[in-house]
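Participant: Produce the complete structure using the sequences and hints provided.
If you want the building blocks of each chain, they are given just below.
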Amino acid sequence: MWWKILLFLAMSALIVLSYVTPMPQKQIGEASRIFYYHIPQAWICVVAFAMSMVFSIRYLRSHNIGEDDKAVVAARLGFVFCLLATITGSIFARVTWGSFWNWDPRETSIFILLLIYGAYFALRGAVEIEEKRASLSAVYSIFAFVTVPFLIFVVPRIVPSLHPEDSIVDENLKFTMGPTVRTIFFSSLALFTGLYFWMFNLARRIQRVQRIRLEKEI
Amino acid sequence: MYSLKIENLAKRFGPRKVFADINFELQTGGSIAIVGPNGSGKSTLVKVILGLLRPTLGTVGFSLDGKNMTESETRSRTSFVAPYLSLYDHLSGEENLKFFSAVAGDHVTGKEINALLARVGLEGRGTDYLADYSSGMKQRLKYAVALLNKPDFLFLDEPTSNLDEEGKGMVSQLVEQYRKQSMVVLATNEPQEYGFAEQICRLGG
Amino acid sequence: MPNKSAGLAAKAFAVYAKDMRLELRSRYALNAILMFGITTLAVVSFSLGQFGLSPKFLAALFWIIMFFSAMSGLAQAFIREEEAQTVLALKLTADPDAIYIGKLLFNFTLLGIMTVIVTPLFFIFTDAPTANLFRFILVLILGIIGLCGATTLVAAIISKASVKGALFSVLSFPVLMPLLISLVSASEKVFDGLPLGNIAAELQFLLAYAVIMVTASIMLFKFVWQE
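Residue numbers (numbering that gives the first Met the number 0), protein chains in the order written: chain A, 0 to 217; chain B, 0 to 204; chain C, 0 to 226.
Just so you know, these hints were derived from the structure itself, not from any lab. Please note: incorrect hints may appear among the correct ones.
[What the hints assert, rightly or not] According to the in silico footprint, chain C covers these stretches of chain A (three or more CB under 8 Å from chain C):
#	region
1	108 to 117
2	126 to 135
3	138 to 151
[Stated by the list, open to error] Calculated Cβ distances over 12 Å to all of chain B for the following chain A residues:
#	residue
4	W1
5	H62
6	I64
7	M176
8	S186
9	L213
10	E216
Beta carbons: idealized from backbone N, C-alpha and C, even for Gly.
Facilitator: Here is the structure:
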């Protein structure tokens with residue numbers, strides 16, 4: 000319980016701090032504050048989808064339905080954070096590059112991630128038998144994920160990237176951020192990660208309650 | 000000596016229990032009849048043993064002389080006949096036999112095909128499409144396909160469904176032969192077929 | 000029948016030959032693919048006119064037609080088994096690898112036949128430059144291998160779903176996206192008359208894509224097939 004209260008207080012502090020401290024990037028201006036949110040969201044999206052993949056592989060090995068439950072929770076949360084990262088990124092793109100959507104490589108990859116998981120949920124909706132649904136969607140998510148490295152390879156050759164690559168580290172892998180910005184940024188990363196695991200646990204508890212209820216009905 | 004060992008087998012569909020605590024062991028020369036009323040899970044049990052469904056609990060072991068058989072070894076030594084098992088309607092009887100033999104990695108000669116067709120009472124109908132067969136003839140052809148690999152494990156679900164008196168006679172002869180030279184597991188709710196097997200496994204109450 | 004030595008290739012071929020025979024008797028999948036390809040091509044060509052289409056546009060158009068034609072028929076190989084309830088007999092006798100390879104070859108043949116018919120029509124209808132035909136054929140072959148390699152597993156997945164509808168294209172599109180992007184880029188360069196060296200990167204990519212997708216499919220197929 001205590002860590003949830005702590006998380007709430009810290010998150011509130013983070014929101015305030017992200018607006019009252021000096022802006023992270025002078026050229027871009029106030030809009031650059033979005034990076035305190037955008038990058039942690041993208042990070043959580045990657046963490047969640049990676050977890051979903053791992054649970055899917057574990058399901059195929061053990062055929063334990065609990066693994067599938069975890070995979071779907073992670074995928075759902077990943078999808079939400081992926082949407083958030085897309086929206087915040089798109090706002091940022093409007094301010095800095097002049098349009099909401101440019102098919103920049105990052106935009107293309109995140110769009111395809113959304114498509115993959117959109118398809119994943121469509122597939123889950125189309126299979127009624129639980130075990131079948133679990134296996135088929137696990138296979139699909141693994142298979143679709145195999146194509147992601149291709150995307151990273153093929154897209155930048157065709158569309159040059161506008162995405163700022165030096166927002167965290169420069170070419171020499173040195174931090175480009177000042178100490179204040181760095182502190183807020185890493186706290187934000189940590190807090191979003193904490194928030195994600197909180198949401199993950201909540202969703203798992205709901206699933207378990209549903210399973211118990213289903214069991215009692217029969 | 001082939002053997003089949005079922006231990007603590009249980010199957011649930013989601014929260015619904017189908018059967019639990021099934022135990023039996025069979026060896027070459029053995030036979031068992033799985034009996035019980037409609038909906039008692041006979042077909043489900045057969046499917047679980049055949050590896051078509053995953054058990055919720057327990058194990059199914061196929062072994063040869065005490066050594067566990069791999070999935071593909073088991074597949075090549077097993078045959079199954081059931082009303083819900085379908086062959087290809089748009090292939091002829093012979094083509095079906097040739098296909099199921101080839102896909103298992105075997106080769107079947109024209110002579111063997113004719114012998115099998117005669118055995119199940121389908122002489123002269125081998126070149127007709129299955130679409131033109133009656134349901135009883137289709138059931139007979141399933142027996143011909145099942146005998147292709149001279150199975151060491153023969154599984155039959157409702158062995159005489161759709162068959163006429165003569166067909167039933169053919170089946171009882173066949174079971175008689177195979178329960179001696181290999182092993183027969185049959186699921187049925189016809190009391191006169193209980194006698195096909197030495198052991199009985201009763202499901203549902 | 001003691002001969003157990005016939006290998007995977009023979010079993011896969013048995014599946015392939017059976018599917019070809021069934022297809023030739025009904026011609027359902029082939030008709031669907033062909034009619035889809037020809038109809039789309041005709042509609043697009045009619046509404047856009049013949050001349051002055053840019054290489055980029057031609058390349059995109061061609062691969063969109065290929066993608067949707069593939070979607071209209073390549074799932075049949077598996078759906079047919081499910082609908083005729085022959086899956087059970089097949090599961091009990093056949094090695095999953097043999098099934099996958101047989102179906103992959105079958106899909107490749109279907110798409111191959113469609114390509115052989117639709118591609119010349121495409122050049123006739125759109126007046127696309129034919130100067131680099133050899134290079135285009137190379138891209139084409141790698142393209143259809145990639146298309147089949149990636150969609151055959153997806154076809155197996157959707158054949159098990161109770162509602163199929165548009166599921167095949169919905170599931171295939173994200174998987175095919177890198178392939179399609181690369182194919183369009185390579186075809187555009189070919190239409191532009193660029194030398195082989197300029198499409199070497201795309202060709203390597205297409206080859207790697209096909210190899211990896213087929214390998215991943217073989218590893219994953221048994222999990223789908225068991226269901």
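Participant: Which of the stated hints cannot be reconciled with the structure, identified by number in ascending sequence?
Facilitator: Structure breaks hints 5, 6, 9, 10.
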